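In order, the protein sequence lines correspond to chains E and V. Terminal number for the first sequence in our numbering: 495, no gaps in between. Terminal number for the second sequence in our numbering: 538, no gaps in between.
Bear in mind the hints are in silico, worked out from the structure with no lab data behind them. Incorrect hints may have been included.
Claimed, not checked - Derived list of chain V stretches under chain E, where covered just means 3 residues or more per stretch with a C-beta under 8 Å from a C-beta of chain E:
1. 72-84
2. 205-217
3. 220-226
4. 234-243
Unchecked claim - Chain V stretches covered by chain E per the calculated footprint, using a threshold of three residues with CB under 8 Å from any CB of chain E:
5. 189-196
6. 277-289
7. 461-470
All values derive from a computational prediction rather than experimental measurement. Glycine included, C-beta positions come from ideal geometry on N, C-alpha and C.
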Amino acid sequence: MSDISQTPSQIATAGKAPSKHAGSLLAQSPHTKKRNAAERRFRAYGMAAIGVGLLMLLILVTTIVGRGTGAFQQTYVTLNVELVEKKLDKSGTRDLAAIKKVTTFGYAPLIRDAVAAKVAELGIETDLKPKALAGILSKDAAATLRAFVLENPDQIGETVEFRFLTSSRVDGYMKGRVSRDSIANDKNISPEQLDIVDAMVGAGTLETVFNLDFITGADASDARPEAAGMGVSMLGSLFMMLVVLALALPIGVAASIYLEEFAPKNWLTDIIEVNISNLAAVPSIVFGILGLAVFINYMHLPMSAPLVGGLVLTLMTLPTIIISTRAALKAVPPSIRDAALGVGASRMQAVFHHVLPLAAPGILTGTIIGLAQALGETAPLLLIGMVGFIASNAPETLADGLLSPNSAMPAQIYEWAKRADPAFYERAWGGIIILLIFLVTMNTIAVILRRRFERRW
Amino acid sequence: MPSFWLVIVLIALALAGFVLGRKRALATAGGDMKQLHSLPAYYGHHVAFSALVPALAVLAIWSLVQPSLIENRVSDMVPASFVEEGHTIDLILTDVRRLADGLDAAVAQGALSEAQAADLDAGTTDIRALLGDLGVALGADVQPEILAAAQSYRGLSDTASTAKAAVVILLALLGFGFAYQRTHKDFRARNVVERGVMALLIVAASLAILTTVGIVFSMLFESLNFFGLHSWRDFFFGGTWAPNFRGDSDLSILPLLWGTLYISLIALLVAVPIGLFAAIYLSEYASAPVRSFAKPLLEILAGIPTIVYGLFALLTVGPMLVTIFGKGDDGVLGVEWMSGATSVLTAGLVMGIMLIPFVSSLSDDIINAVPQAMRDGSLGLGATRSETVRQVVLPAALPGIVGAVLLAASRAIGETMIVVMGAGAIAKFSANPLESMTTITTRIVSQLTGDTDFASPETLVAFALGLTLFVLTLGLNVLALYIVRTYREQYD
């Protein structure tokens with residue numbers, strides 16, 4: 039009855055009996071250890087995957103910010119230029135037509151003299167000729183000067199203080215992009231010129247300040263990266279977005295209302311639905327080919343016009359807007375419709391007077407997200423010619439903005455990335471910062487709208 | 047911009063129609079709204095829509111059809127001898143159009159009177175110099191036949207535009223008058239208006255079909271043109287891609303397809319394991335705060351425009367790979383396997399990063415759709431969580447995950463900016479991921495940008511490539527849907 043009655047042999051077997059599951063509960067068997075290790079490994083893989091994803095995001099963001107913020111700073115040099123009457127207006131009549139005849143070449147000597155005078159004034163000793171000294175300045179300086187004179191012909195003969203852009207190499211030197219070692223084989227700048235730059239920085243003549251022109255200005259030619267800006271291409275994007283908004287929103291909402299509220303279940307509706315989901319997955323470049331073939335080759339709309347870009351992006355955005363609008367309509371409970379019908383409204387009235395206003399926040403959110411997607415899209419714009427030229431003039435009227443050639447933000451960034459000059463690369467990263475600011479703002483507005491107005495029934 | 051003014055006139059007519067229609071309906075009811083069949087605004091809408099919609103539709107269709115009709119008429123005037131060997135008449139028509147535009151500009155700027163423009167003689171006037179002064183550059187001196195064609199083009203356009211305006215306004219007035227005349231207190235305005243609105247809704251929904259048809263036909267016609275000029279055997283089965291704008295090019299899709307698939311494969315090798323494990327961790331292990339923090343952050347990667355990834359590939363990842371594999375003794379590995387920043391690996395890695403959130407959020411949805419009871423059952427039998435995931439959750443979610451991977455593959459194949467900037471331009475068959483290779487999308491871009499001649503096979507090949515790409519991605523999408531639908535486990 040008691041344990042004492044057991045024979046020693048019985049005790050021995052009792053001790054051996056659980057041999058299959060030997061060991062105590064406190065010490066893990068090798069099998070359990072293996073399983074737990076596998077569990078920990080598996081979990082670590084998952085964490086590593088998340089970590090890699092987030093790390094990539096971090097690297098991307100730090101790269102963009104680290105390499106792009108330079109574009110928002112620009113180096114300028116302050117000079118006193120004597121607007122010599124003998125050179126700018128020989129007749130002395132201040133006749134604009136005569137002054138216009140002097141090209142930028144005619145202004146270059148004035149700038150050369152001004153730099154030489156400045157160097158002498160600061161007491162910098164140098165062997166460089168005035169022409170080399172003027173190499174510190176951007177090629178844009180003469181154009182700036184000419185534009186000023188044409189606007190203020192009465193100031194000819196006086197000495198005026200100007201703030202000129204420096205050349206992209208000097209700008210790079212100030213920002214640390216260009217070093218004395220890296221320019222060994224660069225014929226655009228010499229160490230002696232950098233000596234002058236250092237001396238000018240010491241005297242406060244040359245300084246790096248916030249670059250508003252990058253945000254508001256136009257693109258510039260290959261030789262003048264320091265003068266290039268995003269402003270005009272931003273307008274191009276704005277006009278495209280206007281077209282997208284004006285077309286995609288009404289058409290998308292109308293299509294969704296039909297499909298969600300009225301469409302009978304038949305083969306035609308099925309075809310439309312399959313079509314919409316397929317269109318959402320068509321590569322964007324295919325829409326570019328469509329735009330080129332239909333809008334440009336067939337309808338002869340102007341190449342590079344924001345109107346064409348807007349039409350192409352409309353077709354691309356429509357599926358996104360339709361899908362989110364249908365979701366928003368679906369979220370409105372049937373009781374709303376029933377109540378409207380119950381008090382005598384027609385089906386059309388129920389939808390337009392009651393369901394649609396209740397779905398509006400959801401529709402708006404979807405539209406903003408669709409617009410943000412369209413704003414960042416580049417590939418179709420390449421095919422309709424919004425890349426490859428210099429968008430230099432800001433459009434003045436609505437028709438001009440829609441029909442005259444322009445670029446768009448992502449197309450402008452691509453254009454800069456193609457020009458093999460680190461100064462343009464900096465602009466490209468800076469352009470990306472601007473583009474991302476727009477996208478983040480739009481998405482934030484969408485999220486706020488959703489939080490603020492979303493209703494749960 | 048006459049069409050613009052036409053639209054303004056139509057809108058004005060519609061507004062007037064709304065006011066007058068409403069007024070007339072109320073007048074017939076003696077000012078008593080209760081006597082009307084519909085609410086007064088419906089009578090207004092009825093007149094406004096009747097004036098606006100048919101006229102706008104005719105305006106749109108007319109504007110679409112007019113250019114091709116006029117071109118047909120004008121192309122009959124151009125002697126056949128003008129059409130060069132291997133070219134179509136399109137090139138000449140472009141000249142004609144440009145000349146006609148130039149004459150328009152000359153008239154608008156006052157350099158020519160309307161009569162002078164119509165009577166110009168190519169023999170006596172140097173039209174090229176004349177238009178050159180006005181900022182209209184012509185490619186060559188103007189031949190009399192082209193000038194005659196351009197003048198007739200202008201004449202026809204003028205007549206057609208006048209006729210368009212007349213027809214559209216007449217139609218609007220007719221609609222207005224008819225609807226206004228029908229307006230009466232017993233007229234069922236609401237029913238009519240609602241039928242009209244329904245028709246508009248259906249038209250909007252059909253636009254999706256129209257877009258697809260447009261895509262297919264625009265590419266199909268140009269592809270047929272291409273196959274008329276270039277052998278289809280070479281396109282599908284040839285081995286080299288060597289476009290040569292003097293003609294006689296080798297245009298085979300196979301090397302491009304190889305580059306596309308190779309880059310997509312690398313992208314998927316990066317994106318699928320990371321995306322899948324991230325999805326598993328987020329749905330099976332992560333606590334609520336971690337999930338609500340990590341998931342949106344990962345999804346930011348999907349919202350970043352592809353141009354950003356392209357720049358990242360070109361300026362960051364490419365040079366980094368070069369310092370690892372390509373700098374010789376200065377590099378990290380001391381090897382010299384890579385010559386430039388653009389390579390299959392560059393584009394593949396960056397595209398992989400882009401696809402991570404795509405794979406992870408699709409897989410996350412699918413894993414979350416596996417019923418909790420199955421997990422509970424597995425855990426109750428003593429399986430660890432990872433065993434549950436591997437042996438219960440993943441098999442149940444497999445069709446969905448395969449679908450997600452196929453969708454990601456279709457995205458990778460159609461992706462343009464990353465490969466344009468990161469993959470390079472050399473078409474070849476090579477298994478070395480450090481070499482630069484080219485893809486279908488990059489070739490579409492390069493064949494269709496810059497100066498293009500839509501009569502040469504070197505340009506038209508882009509449409510055949512586009513069609514192939516469209517079919518390929520569509521096929522992958524349909525296959526993904528099919529797999530998901532057919533092999534999905536039904537739990538309810």
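Examine the segment 234-243 of chain V: at least three residues should have C-beta closer than 8 Å to a C-beta of chain E.
-> Three-residue rule met by the segment 234-243 of chain V, so holds; n is 3.
Mind checking, does the segment 72-84 of chain V have 3 or more residues with a CB under 8 Å from chain E?
-> violated (count 0)
Tell me if chain E covers the segment 461-470 of chain V under the three-residue, 8 Å CB rule, please?
-> With 5 residues close enough to chain E, the hint holds.
How about the segment 205-217 of chain V: do at least three of its residues have a C-beta closer than 8 Å to a C-beta of chain E?
-> violated (count 0)
How does the coverage statement for the segment 220-226 of chain V fare against chain E, requiring three or more residues with Cβ below 8 Å from a Cβ of that chain?
-> violated (count 0)
Given that the segment 277-289 of chain V was listed as covered by chain E, double-check it with a C-beta distance under 8 Å for 3 or more residues.
-> With 0 residues in contact (Cβ-Cβ under 8 Å with chain E), the coverage given for the segment 277-289 of chain V is violated.
Okay, the segment 189-196 of chain V and chain E, do three or more residues pass the C-beta test at under 8 Å?
-> Our answer is that it is violated, as 0 residues pass the Cβ test (under 8 Å) against chain E, missing three.
Checked against the numbered hints above, the structure violates hints 1, 2, 3, 5, 6; every other hint is satisfied.
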